[in-house]
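Asker: Listed here are the chains, written in short residue letters.
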Amino acid sequence: MNMPQLPMPPARPEGRLLDVRLSLLDRQVLDVGDEPVGVVDDVEFDDAGDGVLAPGTPPPQLRNLVHGPILLERIFGGRRPRAHFDRIPWSAVAELGSAVRLAVEASAVPVGWLEGWLATNVIRRIPGGRHVPR
Amino acid sequence: MFLADLLGRPVLQSGQRVGFLTDLRLLIPARTPGQQLGTPSVYGVLVCPRRTGSFLGFERRDLDAPLFLARWFRWRARGSFLVLWEDLAQCGEQGVELREGATRWSPALPP
Chain A
18 MNMPQLPMPP ARPEGRLLDV RLSLLDRQVL DVGDEPVGVV DDVEFDDAGD
68 GVLAPGTPPP QLRNLVHGPI LLERIFGGRR PRAHFDRIPW SAVAELGSAV
118 RLAVEASAVP VGWLEGWLAT NVIRRIPGGR HVPR
Chain B
13 MFLADLLGRP VLQSGQRVGF LTDLRLLIPA RTPGQQLGTP SVYGVLVCPR
63 RTGSFLGFER RDLDAPLFLA RWFRWRARGS FLVLWEDLAQ CGEQGVELRE
113 GATRWSPALP P
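Sequence order for the protein chains is A and B. 18 is the number of the first residue of the first sequence in my numbering; add one for each residue after it. 13 is the number of the first residue of the second sequence in my numbering; add one for each residue after it.
Heads up, a few of these hints could be off.
So the derived label-pair ranges between C-beta atoms look like this [stated by the list, open to error]: (1) A:TRP134 <-> B:GLY113: 44 to 54 Å; (2) B:PRO22 <-> A:GLU132: 48 to 58 Å; (3) A:GLY73 <-> B:PRO45: 17 to 27 Å; (4) B:PRO22 <-> A:TRP134: 32 to 42 Å; (5) A:PRO144 <-> B:LEU121: 28 to 38 Å; (6) B:GLN106 <-> A:ILE140: 55 to 65 Å; (7) A:PRO150 <-> B:GLU98: 49 to 59 Å; (8) B:GLY107 <-> A:ASP43: 18 to 28 Å; (9) B:PRO61 <-> A:ASP67: 55 to 65 Å; (10) A:LEU89 <-> B:GLY107: 43 to 53 Å.
Reference listing, derived: stretches of chain A covered by chain B, where coverage requires no fewer than 3 residues with Cβ under 8 Å from a Cβ of chain B [stated by the list, open to error]: (11) 24-37; (12) 49-62; (13) 65-72; (14) 108-114.
Rather than coming from a laboratory, the hints here were simulated on the basis of the structure. Cβ atoms here follow ideal geometry from the backbone N, Cα and C, with glycine treated the same way.
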């Protein structure tokens with residue numbers, strides 16, 4: 018047990034501490050009506066440039082939750098183009114718990130790149146694929 | 013900067029590897045104008061001396077059940093520590109490096 022051997026950090030600004038991998042990654046994302054939107058596969062922070070931190074550099078802020086089909090990337094490595102990432106802005110998050118609840122409806126969340134591509138290039142070419150089914 | 017770019021990366025200090033990055037700790041402020049939940053910022057990084065890393069955070073929380081598993085996972089993550097953001101000299105896709113004399117804090121999450 019190593020926990021008692023190290024001191025606890027000094028007093029911090031008011032707020033709640035959260036470990037990303039422990040309490041945010043792989044959590045289900047629900048919209049304002051409890052409809053599932055996706056799963057948190059990654060998170061995006063402010064760009065840190067070359068990563069070299071001068072003393073006093075403010076910490077980066079979390080900007081987006083990233084979701085989408087990244088299972089193959091986790092297994093085989095590699096990375097899709099960043100433009101293909103499906104992002105949910107943090108400003109849309111309302112509550113963190115066993116799931117991540119959004120303050121908006123699922124329809125307001127940007128459609129994933131793959132879903133958009135399929136809708137444009139496949140579904141709309143199918144007869145009747147350009148309108149809502151009656 | 014994406015979390016996936018940082019997890020598992022070696023953490024260096026004075027050119028020596030001191031462990032691997034296992035998690036990022038965020039500070040969520042009580043309020044950010046115009047949002048229901050404050051925008052989190054990075055508070056520190058959690059480092060484990062071994063690649064085995066952390067499983068379910070047993071070393072960070074006061075969990076002791078099931079007893080055997082709790083002890084096993086805590087033992088696997090022994091030596092883990094937290095380094096605050098201001099003690100980082102580099103953090104990005106190029107790597108993670110601690111400043112000289114960076115303080116190592118307990119990885120435990122406050123209640």
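Asker: State for each hint whether it applies.
Answerer: Hint check:
Checking the proposed 44 to 54 Å range against TRP134 of chain A and GLY113 of chain B shows it holds: the Cβ atoms sit about 51 Å from each other. A beta carbon spacing of about 37 Å between PRO22 of chain B and GLU132 of chain A contradicts the range 48 to 58 Å that was offered as a hint. GLY73 of chain A and PRO45 of chain B have their C-beta atoms about 24 Å apart, which keeps the hinted 17 to 27 Å range intact. As the Cβ distance of PRO22 of chain B to TRP134 of chain A is approximately 37 Å, the hint placing it in 32 to 42 Å holds.
Between PRO144 of chain A and LEU121 of chain B, the C-beta spacing of about 56 Å breaks the proposed range 28 to 38 Å. The beta-carbon spacing between GLN106 of chain B and ILE140 of chain A, approximately 42 Å, falls outside the hinted interval of 55 to 65 Å. Distance hint check: the CB atoms of PRO150 of chain A and GLU98 of chain B are about 57 Å apart, consistent with the given range 49 to 59 Å. Separation of GLY107 of chain B from ASP43 of chain A is about 25 Å and conforms to the stated range, judged on CB atoms against 18 to 28 Å.
Take PRO61 of chain B and ASP67 of chain A: their Cβ atoms lie about 27 Å apart, and the range 55 to 65 Å is violated. The hinted range of 43 to 53 Å is not satisfied by LEU89 of chain A and GLY107 of chain B, whose Cβ atoms lie roughly 25 Å apart. Three residues within the 8 Å Cβ limit are the bar, and the stretch 24-37 of chain A against chain B gives 12, so the coverage statement holds. Check result for the stretch 49-62 of chain A against chain B: holds, 4 residues qualifying (beta carbon to beta carbon below 8 Å, three or more required).
Figure legend: the stretch 65-72 of chain A, annotated as covered by chain B; annotation consistent (7 residues with Cβ-Cβ distances under 8 Å, at least 3 required). Counting residues of the stretch 108-114 of chain A whose CB lies closer than 8 Å to any CB of chain B gives 5, which reaches the minimum of 3, so the coverage claim holds.
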